[in-house]
Amino acid sequence: AQKVTQAQTEISVVEKEDVTLDCVYETRDTTYYLFWYKQPPSGELVFLIRRNSFDEQNEISGRYSWNFQKSTSSFNFTITASQVVDSAVYFCALSEGGQGAQKLVFGQGTRLTINP
Amino acid sequence: KAGVTQTPRYLIKTRGQQVTLSCSPISGHRSVSWYQQTPGQGLQFLFEYFSETQRNKGNFPGRFSGRQFSNSRSEMNVSTLELGDSALYLCASSRRGDREQFFGPGTRLTVL
Chain A
1 AQKVTQAQTE
11 ISVVEKEDVT
21 LDCVYETRDT
31 TYYLFWYKQP
41 PSGELVFLIR
51 RNSFDEQNEI
61 SGRYSWNFQK
71 STSSFNFTIT
81 ASQVVDSAVY
91 FCALSEGGQG
101 AQKLVFGQGT
111 RLTINP
Chain B
1 KAGVTQTPRY
11 LIKTRGQQVT
21 LSCSPISGHR
31 SVSWYQQTPG
41 QGLQFLFEYF
51 SETQRNKGNF
61 PGRFSGRQFS
71 NSRSEMNVST
81 LELGDSALYL
91 CASSRRGDRE
101 QFFGPGTRLT
111 VL
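In the order they appear, the protein sequences are chains A and B.
Note that this note's numbering numbers the first sequence so that position 18 is 18, with each residue one more than the last.
Note that this note's numbering numbers the second sequence so that position 70 is 70, with each residue one more than the last.
These aren't lab readings, by the way, just hints derived from the structure by calculation.
Certain hints may be false.
Said to hold, decoys possible - To be clear about the criterion: a stretch of chain B counts as covered by chain A if any three or more of its residues have a C-beta under 8 Å from a C-beta of chain A, and this derived list gives those stretches:
| # | segment |
| --- | --- |
| 1 | 10 to 21 |
| 2 | 25 to 39 |
| 3 | 54 to 60 |
| 4 | 83 to 95 |
| 5 | 98 to 105 |
Claimed, not checked - Only pairs whose alpha carbons sit at most 25 Å apart, straight line, appear in this in silico SDA-like list of lysine to any residue:
| # | chain 1 | residue 1 | chain 2 | residue 2 |
| --- | --- | --- | --- | --- |
| 6 | A | Lys-3 | B | Pro-8 |
| 7 | A | Lys-3 | A | Gly-62 |
| 8 | A | Lys-3 | B | Gly-40 |
| 9 | B | Lys-57 | A | Thr-5 |
| 10 | A | Lys-3 | B | Asp-98 |
| 11 | A | Lys-38 | B | Tyr-10 |
| 12 | A | Lys-38 | B | Pro-61 |
| 13 | A | Lys-70 | B | Arg-99 |
| 14 | A | Lys-3 | B | Thr-110 |
| 15 | B | Lys-57 | A | Thr-27 |
| 16 | A | Lys-38 | B | Thr-110 |
| 17 | A | Lys-38 | B | Arg-99 |
| 18 | A | Lys-70 | B | Asp-98 |
| 19 | B | Lys-57 | A | Tyr-33 |
| 20 | A | Lys-38 | B | Arg-108 |
| 21 | A | Lys-70 | B | Pro-39 |
| 22 | A | Lys-3 | B | Ala-2 |
| 23 | A | Lys-38 | B | Gly-16 |
| 24 | A | Lys-3 | B | Gly-28 |
| 25 | A | Lys-38 | B | Ala-2 |
| 26 | A | Lys-3 | B | Pro-61 |
| 27 | A | Lys-3 | B | Thr-7 |
| 28 | A | Lys-38 | B | Gly-28 |
| 29 | B | Lys-57 | A | Gln-2 |
| 30 | A | Lys-3 | B | Tyr-10 |
| 31 | A | Lys-70 | A | Thr-113 |
| 32 | B | Lys-57 | A | Asp-29 |
| 33 | B | Lys-57 | A | Glu-56 |
These figures come from a predicted structure and were not determined experimentally.
Ideal Cβ positions, reconstructed from N, Cα and C, are used throughout, including at glycine.
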């Protein structure tokens, strides 16, 4: 069975600090996809990134970076120089290949608060 | 390009009633998935539709059903509402074959 664990329920930091959100996943599939979504108070889930299981390259997009390590089944998300606008709930998600590709399994989410 | 739209945004019902929620995907997206979000259970997959056919289903009772129309718009129905059905219901669309799903703002359902 697939499972995503976000052990950090809540994180609170002061603006401009760097913060890392942890994500650990479980799957028996050799082909799978990992995602991060952001949910601001408005409720809409905003897509941030997708990684394929066969591509372990880390990615950087502005202040955001992602570290994918298959050896530890982790897909961590780092925000550098955090800003108040980064405050939201962040979800890590997993989907398998093939027929189940559109079914996302989500972690419980990490509520990130950036204090001015 | 317009995003995923969901109607209504808020809904209040009483136990035993039924409810229908609507989702219009992004233009060109033919796959629509539904998710339920509650404080206790988090985000859970309900079902996915593509080409008017249910392709995948989550672990929910038969009271939860859905359908998709030829224009890719989708509806989900919950019959005999229970208090535990109070949740944010999110719809997501994607192009079949693409892994990214784009979510709508959700319908917040309150069952009294």
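Structure-based check of each hint:
With 0 residues having a beta carbon nearer than 8 Å to a beta carbon of chain A, the segment 10 to 21 of chain B misses the requirement of three or more and the stated coverage is violated. With 3 residues bearing a CB less than 8 Å from a CB of chain A, the segment 25 to 39 of chain B meets the requirement of three and the coverage assertion stands. Beta-carbon proximity to chain A at under 8 Å applies to 3 residues in the segment 54 to 60 of chain B; the threshold of 3 is reached and the given coverage holds. Counting residues of the segment 83 to 95 of chain B whose beta-carbon sits less than 8 Å from any beta-carbon of chain A gives 4, enough to reach three: the coverage restraint holds.
For a cut-off of 8 Å, the count of residues in the segment 98 to 105 of chain B with a CB near a CB of chain A stands at 7, and the three-residue condition holds. With a C-alpha separation of about 32 Å, the suggested pairing of Lys-3 (chain A) with Pro-8 (chain B) is violated against the 25 Å cut-off. Restraint check for Lys-3 (chain A) and Gly-62 (chain A): not satisfied, since their Cα atoms lie roughly 29 Å apart, outside the 25 Å limit. For a cut-off of 25 Å, the pair hint linking Lys-3 (chain A) to Gly-40 (chain B) stands: about 16 Å separates their Cα positions.
For the proposed pair Lys-57 (chain B) and Thr-5 (chain A), the alpha carbon gap of about 22 Å is at most 25 Å, so the pair holds. Among the hinted pairs, Lys-3 (chain A) with Asp-98 (chain B) is consistent with the structure: their alpha-carbon atoms are about 21 Å apart, no more than 25 Å. Taking the CA atoms of Lys-38 (chain A) and Tyr-10 (chain B), the gap is about 21 Å. The hint holds against a cut of 25 Å. A C-alpha spacing of about 29 Å is found between Lys-38 (chain A) and Pro-61 (chain B), which places the hinted pair above 25 Å, so the restraint is violated.
For the hint linking Lys-70 (chain A) to Arg-99 (chain B), the alpha-carbon distance of about 19 Å falls within 25 Å, and the restraint holds. At most 25 Å may separate the alpha-carbon atoms for a hinted pair to count; Lys-3 (chain A) and Thr-110 (chain B) exceed this at roughly 28 Å. Distance hint between Lys-57 (chain B) and Thr-27 (chain A) is fulfilled; the C-alpha atoms sit about 18 Å from each other, no more than 25 Å. A threshold of 25 Å between alpha carbons decides the hint, and for Lys-38 (chain A) with Thr-110 (chain B) the separation of about 24 Å falls inside it, so the pair holds.
The straight-line distance between the Cα atoms of Lys-38 (chain A) and Arg-99 (chain B) is roughly 17 Å, inside the 25 Å bound, and the hint therefore holds. Restraint check for Lys-70 (chain A) and Asp-98 (chain B): the C-alpha separation of about 22 Å stays at or below 25 Å, so the hint holds. Among the hinted pairs, Lys-57 (chain B) with Tyr-33 (chain A) is consistent with the structure: their alpha-carbon atoms are about 19 Å apart, no more than 25 Å. A C-alpha spacing of about 18 Å is found between Lys-38 (chain A) and Arg-108 (chain B), which places the hinted pair at or below 25 Å, so the restraint holds.
Restraint check for Lys-70 (chain A) and Pro-39 (chain B): the C-alpha separation of about 30 Å exceeds 25 Å, so the hint is violated. For the suggested pair Lys-3 (chain A) and Ala-2 (chain B), the alpha carbons sit about 32 Å apart, so the restraint of at most 25 Å is broken. A distance of roughly 34 Å separates the Cα atoms of Lys-38 (chain A) and Gly-16 (chain B); the hinted pair therefore is violated under the 25 Å criterion. A C-alpha spacing of about 31 Å is found between Lys-3 (chain A) and Gly-28 (chain B), which places the hinted pair above 25 Å, so the restraint is violated.
Restraint check for Lys-38 (chain A) and Ala-2 (chain B): satisfied, since their Cα atoms lie roughly 19 Å apart, inside the 25 Å limit. Distance hint between Lys-3 (chain A) and Pro-61 (chain B) is fulfilled; the C-alpha atoms sit about 21 Å from each other, no more than 25 Å. Between the alpha carbons of Lys-3 (chain A) and Thr-7 (chain B) the distance comes to roughly 31 Å, so the proposed pair goes past 25 Å and is violated. Only pairs whose Cα atoms come within 25 Å are accepted, and Lys-38 (chain A) paired with Gly-28 (chain B) is accepted, the gap being roughly 24 Å.
Between Lys-57 (chain B) and Gln-2 (chain A) the alpha-carbon distance is near 15 Å, which keeps this suggested pair within the 25 Å criterion. Using a Cα cut-off of 25 Å, the hinted pair Lys-3 (chain A) and Tyr-10 (chain B) is violated, with the two alpha carbons roughly 31 Å apart. In summary, the hint linking Lys-70 (chain A) to Thr-113 (chain A) is not supported, as the alpha carbons are separated by about 29 Å, beyond the 25 Å threshold. Between the alpha carbons of Lys-57 (chain B) and Asp-29 (chain A) the distance comes to roughly 19 Å, so the proposed pair stays at or under 25 Å and holds.
Restraint check for Lys-57 (chain B) and Glu-56 (chain A): not satisfied, since their Cα atoms lie roughly 30 Å apart, outside the 25 Å limit.
Hints 1, 6, 7, 12, 14, 21, 22, 23, 24, 27, 30, 31, 33 from the list above are not met by this structure, while the remaining hints are.
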